[in-house]
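Protein chains: 2
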Amino acid sequence: MVIMSGYSKEYEIFYFQVDQFGEASVITILDFLEDCAIAHSEAVGLGIESLLEQRTCWVLNRWRLEMERYPRLGEKVTIETLNTGFERFYGERVFTIRDSQGNIIGKAGSLWIYLNIDKRRPTRIPLQFADQYGVPERYEGKEPFEDLPEITDIHSEIRFHVRRSDIDTNGHVNNTRYVEWMLEGISEESLKDYRLHRLEVIYKKETPYGTDILSQGQGAKDAGLQYLHRVLDQSGERELACGRTVWTKR
Amino acid sequence: MVIMSGYSKEYEIFYFQVDQFGEASVITILDFLEDCAIAHSEAVGLGIESLLEQRTCWVLNRWRLEMERYPRLGEKVTIETLNTGFERFYGERVFTIRDSQGNIIGKAGSLWIYLNIDKRRPTRIPLQFADQYGVPERYEGKEPFEDLPEITDIHSEIRFHVRRSDIDTNGHVNNTRYVEWMLEGISEESLKDYRLHRLEVIYKKETPYGTDILSQGQGAKDAGLQYLHRVLDQSGERELACGRTVWTKR
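Protein chains in written order, with the working numbering: chain D, 269 to 518; chain X, 269 to 518.
Treat the hints with care, as some may be off.
Identical chains share a label here; the pair holds if one copy fits it or two copies do between them.
Unchecked claim - Derived DSSO-like pairs: lysine-lysine, alpha-carbon spacing no greater than 27 Å straight-line: (1) Lys460 with Lys387; (2) Lys277 with Lys472; (3) Lys387 with Lys472; (4) Lys344 with Lys277.
If you're looking for bench data, these hints aren't it; they were derived computationally from the structure.
Construct the complete structure from the given sequences, taking the supplied hints into account.
Quick look at the structure:
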């Protein structure tokens, strides 16, 4: 087991964060991870406002999440996060999710791009960030991000209108919404029998308020309980995000 | 000032709970109120599971919320709630929202219906509930719920498709979603200049997963910064919820 330093924060599972099984939804977990990353940045003096002064921000590029179990209503979880390295304009960050007994119930990895807001283009991460975040010289638990296979057969297709409540503080669709749209393609019946075990998401383009999107999925029970997902703009031409989900029996 | 007994719980404002102004959204506040009410019931032995054994549940009938200011990212608020009375199958509950200095920043009232799940009809509240919840003999701060005026002119109209993520643990649309749909009718420009000060909602019908809804609004800046809202089923014939919002300058 890798001992993390970095930053940690406790979260309680509230009523509005659980699904029909009384368990925290995967969206809630992603919300916690994002909040924890932002709180870490804030704690080391590199919060949203401070970056805004430099006209920069972090944009999420990838998520990888693996949950052994989901916490239930009223449970408390502690999330630890560690910035494991910077490379040009990429920052990598890992997370460990523990229950109140200290058992690891989930882990996650993420890749973030450091952006110049005005040019809307990646920009080099300042050298002193590594010291401020306490990036370890060598991080043993590194797991590379894989590319995802293309969808070859479309088994489900749903259209969504982007709501104002889908929009982030920066005017674009919040990253958890793409996951929500991907998961809407899974049948109600599959959800009754299976639980999301592993999730990978790659973000490709930002989506502004007021547009429509298309969520497509491929996969079936006999395909090893694995689904491929993609979110396109309404024309179906621009891929906004793609993902893969792996499910295990409840 | 009325001193409440009842139940209280602390909430921190996380990143995913703030709007574009860095303030907790009204949806977040309603989520907190609902969670606090449920936690209170849990604490006195009348939680969701315990009612389920009796084949009963609480269904929200009305909200009334008044916010002096909205808490900001990272702030902690304490919500106190008190069950102020039972009448046949109606339960009334009030809330006070305080910041970390103890200042009252908001207050709310709510009316709940006690339901027989199998018959889907209101049922008489057991006498012993009043003792268990610690309902005061006489509650001074009572504020009656008003009926809302009908919409006579439609100034905005938007359609929504109900998503799985809109659905509650009981298989119906969560009560905060209706408010979300009502607020989508307010223009982006009005939101920049005005802040929601007072909200009233009346819930009329339950909405299942997979349907479409219609959100209509009436009001303008010159109409005293007041809007009327209603949410209808897709045919436009059945009213599912209605509301009134009052806005003050930022």
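Hint-by-hint comparison with the structure:
| no. | hint | in the structure |
| --- | --- | --- |
| 1 | Lys460 with Lys387 | between (46 Å within a copy, 25 Å between copies) |
| 2 | Lys277 with Lys472 | neither (29 Å within a copy, 40 Å between copies) |
| 3 | Lys387 with Lys472 | within (17 Å within a copy, 49 Å between copies) |
| 4 | Lys344 with Lys277 | both (10 Å within a copy, 14 Å between copies) |
Checked against the numbered hints above, the structure breaks only hint 2 and satisfies the rest.
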